[in-house]
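If you're matching them up, the sequences are chains A and X in order.
Take the first sequence: its letter number 79 is residue 79 in our numbering, and every next letter is one higher.
Take the second sequence: its letter number 52 is residue 1052 in our numbering, and every next letter is one higher.
By construction, these hints were calculated from the structure, which means they are not laboratory data.
Incorrect hints may appear among the rest.
Claimed, not checked - Within a straight-line C-alpha distance of at most 30 Å, the following computed DSS-like cross-link-like pairs (lysine-lysine) qualify:
hint, chain 1, residue 1, chain 2, residue 2
1, X, K1057, A, K42
2, X, K1011, A, K100
3, X, K1015, A, K49
4, X, K1011, A, K42
5, X, K1057, A, K49
Claimed, not checked - Output of the computed footprint for chain X on chain A, the stretches with three or more beta carbons under 8 Å from beta carbons of chain X:
hint, segment
6, 8-21
7, 104-113
C-beta atoms are modelled at their ideal positions from N, C-alpha and C, and glycine is treated no differently.
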Amino acid sequence: AQSVTQLDSHVSVSEGTPVLLRCNYSSSYSPSLFWYVQHPNKGLQLLLKYTSAATLVKGINGFEAEFKKSETSFHLTKPSAHMSDAAEYFCVVRLYNFNKFYFGSGTKLNVKP
Amino acid sequence: GAGVSQSPSNKVTEKGKDVELRCDPISGHTALYWYRQSLGQGLEFLIYFQGNSAPDKSGLPSDRFSAERTGGSVSTLTIQRTQQEDSAVYLCASSLAPSDTEAFFGQGTRLTVV
């Protein structure tokens, strides 16, 4: 069985403070992992992906994620939040030799001035 | 085109009517996906195409929903006898076949059934 759990449905931070969006997955196979962002009334944009190379992955707009196999986690971080980061973020798993993308339920990030 | 293109971007239809949603994937992408995003809900998988065949249509919610893909390119999602609960944003995505590649999403079609 495979699933993706985003531990927080809403996260609120102040501008300039760090961001942490948590994601855990369960999979019997080696996964590829992705984070997507969706701004209001916009499409889904890829932030970053992990595909069994370096465990620390750097993405666009200063976001990073670290793959921790022992914890089955792929948390998304950013050192300093910007107002433009306010959006919904989705953690996504794609399994080796399978073609379906499994989406987490999403985390809405609010950034306060 | 450079990205995944979906049409129409918005569709308002009367309950009971049929609708067709179109997706034009990125050229060369063999895999194509349809997802549905309802208000307050996450992304719900509907169907996956590899080439023209659909090895996984497990997410289609009822037999009113069908999809086809022709020429390994354009896909059409058809909803017959629309119901109000069909109101949602329908997203199409395409990707290359290898499992370490990401999906590229279109802007979606917002369907409103009145």
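Against the structure, the hints come out as follows:
1. Only pairs whose Cα atoms come within 30 Å are accepted, and X:K1057 paired with A:K42 is accepted, the gap being roughly 26 Å.
2. Annotation: proposed proximity of X:K1011 to A:K100 holds, straight-line Cα distance about 27 Å (limit 30 Å).
3. Between X:K1015 and A:K49 the CA atoms are separated by roughly 40 Å; this puts the pair beyond 30 Å, and the hint is violated.
4. A C-alpha spacing of about 16 Å is found between X:K1011 and A:K42, which places the hinted pair at or below 30 Å, so the restraint holds.
5. Our distance criterion of 30 Å between C-alpha atoms is met by X:K1057 and A:K49, whose separation comes to about 26 Å.
6. Residues of the segment 8-21 of chain A with a Cβ under 8 Å from some Cβ of chain X number 0, which does not satisfy the need for three, so the listed coverage is violated.
7. With 3 residues having a beta carbon nearer than 8 Å to a beta carbon of chain X, the segment 104-113 of chain A meets the requirement of three or more and the stated coverage holds.
Hint violations for this structure: numbers 3, 6, all remaining hints satisfied.
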